[in-house]
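Asks: Here's the letter readout for the chains.
There are 4 protein chains.
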Amino acid sequence: MLFDIEPNSPVPIYEQIVAQVTFGIASGALEVGMLIPSVRELAPMVLAHPNTVARAYQELERSGVIATRRGKGMEVTAAAPQLCRAKRQEIVRDRIRLALREAASSQLSPEEIRKLVDEELSRVNGTNRSREKR
Amino acid sequence: MLFDIEPNSPVPIYEQIVAQVTFGIASGALEVGMLIPSVRELAPMVLAHPNTVARAYQELERSGVIATRRGKGMEVTAAAPQLCRAKRQEIVRDRIRLALREAASSQLSPEEIRKLVDEELSRVNGTNRSREKR
Amino acid sequence: MLFDIEPNSPVPIYEQIVAQVTFGIASGALEVGMLIPSVRELAPMVLAHPNTVARAYQELERSGVIATRRGKGMEVTAAAPQLCRAKRQEIVRDRIRLALREAASSQLSPEEIRKLVDEELSRVNGTNRSREKR
Amino acid sequence: MLFDIEPNSPVPIYEQIVAQVTFGIASGALEVGMLIPSVRELAPMVLAHPNTVARAYQELERSGVIATRRGKGMEVTAAAPQLCRAKRQEIVRDRIRLALREAASSQLSPEEIRKLVDEELSRVNGTNRSREKR
DNA sequence: GTGGTCTAGACCACG
DNA sequence: GTGGTCTAGACCACC
Chain A
18 MLFDIEPNSP VPIYEQIVAQ VTFGIASGAL EVGMLIPSVR ELAPMVLAHP NTVARAYQEL
78 ERSGVIATRR GKGMEVTAAA PQLCRAKRQE IVRDRIRLAL REAASSQLSP EEIRKLVDEE
138 LSRVNGTNRS REKR
Chain B
18 MLFDIEPNSP VPIYEQIVAQ VTFGIASGAL EVGMLIPSVR ELAPMVLAHP NTVARAYQEL
78 ERSGVIATRR GKGMEVTAAA PQLCRAKRQE IVRDRIRLAL REAASSQLSP EEIRKLVDEE
138 LSRVNGTNRS REKR
Chain C
18 MLFDIEPNSP VPIYEQIVAQ VTFGIASGAL EVGMLIPSVR ELAPMVLAHP NTVARAYQEL
78 ERSGVIATRR GKGMEVTAAA PQLCRAKRQE IVRDRIRLAL REAASSQLSP EEIRKLVDEE
138 LSRVNGTNRS REKR
Chain D
18 MLFDIEPNSP VPIYEQIVAQ VTFGIASGAL EVGMLIPSVR ELAPMVLAHP NTVARAYQEL
78 ERSGVIATRR GKGMEVTAAA PQLCRAKRQE IVRDRIRLAL REAASSQLSP EEIRKLVDEE
138 LSRVNGTNRS REKR
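Residue numbers (the numbering used here), protein chains in the order written: chain A, 18 to 151; chain B, 18 to 151; chain C, 18 to 151; chain D, 18 to 151.
A couple of the hints might just be wrong.
Because identical chains share one entry, a pair is satisfied inside a single copy or across any pair of copies.
Stated by the list, open to error - In silico SDA-like cross-links for lysine to any residue, where the CA-CA straight-line distance does not exceed 20 Å:
1. 104 - 45
2. 89 - 29
3. 104 - 79
4. 104 - 19
5. 89 - 72
6. 89 - 64
Calculated from the structure, these hints are not laboratory results. None of the values given here were measured: they were computed from a predicted structure.
Work the whole structure out from these sequences, hints included.
Replies: Here's what the structure looks like:
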């Protein structure tokens, strides 16, 4: 399970962590009952402070997606996959919508926007493909 | 000239104002030599404090896009259109790229992402079209 | 009588005008009983707004250096030369003191400061000489 | 590291803070990688509001002299010493030049100006010496 | 009327 | 604890 964090995004890091865990559960990379990486394990992986990770986990726990197993760690709940699949769609769609609303407000023509979108879309797909090869 | 500000975006309001003015100059809605709305005029239009607007203007001045006419207001510089057209492309592209990178990291399939993008794209275009009809 | 105004100085323009008139009286360029340039005459000479000039004159009148001759203009008072010679010394000395205090706080060595001062001193003298030749 | 701020100067306090930090880096009092005083620490030291200090730091960050260490403070960048040594010279020279230009425009003779300068120069040097003795 | 500066204090994100 | 953002409102310089 990779965590793709964008430090220069205006989106707070703890929210990005929440999103990444949500994506992991939605995609099945993190399965029900599985222990997710501990705060101390994840912090260096995402180049963040342990407190920042802890805050993300706290939020995930509050929304019922993970639960504390005392002395063991945090575990993916049974209800998580369903919650996370819906949430994933919502997060991705919202972010895309905001970006496109801004693009529309820039007075670039629909054609230019479409061109930009296509360029970036093939770029991320390209990136994914090359990653899959490794 | 409309100012499209998203108060719930993680992007700071003053940066959104910077972007909107940049878009206005890039699109020609704000012309060289023209006085842009005063701090006190714009603040209620974007539902922000005059100081927040002033900070945005300060940043635009620093980048050479507008210049202070003492006692009169802020004027669009001759160099602004060129600077702003480049900057517009950069802002829009960056925002789209971030949204699509996140989408890619969500493990949604390229097809699903494309579908979401198309839905949102037609939605903003639709919004524009309906605006134009009014 | 020349008016040497520095628009990029942090010193307000109206204070610079006050200083320049003071200097003119101290040096004898503006004599007792002489009418000084009207607000409307001076404004374009110093590239300032008439109100700014008016404010400077108001301040000079308050300090007894010039007086209104109704229907004629502003006149240099009998008491002015003495007042202005003292004031000139004070203005010049204060400005030099502030600049040198800042230089001292920069941790440049006294030798370096002395060198900077000498360079600038010969520059302004050189400037004056070339002006005198015209 | 002392911060020498002149509240009655026409130079804005935040610019004076920028200058003082620049001087500190140029002189080596603030070293690369070192955390500079926090906004909340410096504010009472210079008798200014934390926001005024923050504005100065923001400007220093913009010019690449300091960088934010999230949650820790502001750090002197590797590029800073070179930038600041050049900037220091420029700041000091500009301020001296403006003071001497004004002196020249006062019609005081070069000899009188030189005398004033020497008096003030020995005064600040004297101040420094007496400080060093303490 | 304009923008520029400063003080003041709130809240947030992050460590 | 740190800096970043925002609101709020004062005063100033200039037009």
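Asks: Determine which of the earlier numbered hints do not hold for this structure and return their numbers in increasing order.
Replies: Hints that this structure does not satisfy do not exist here, as all of them hold.
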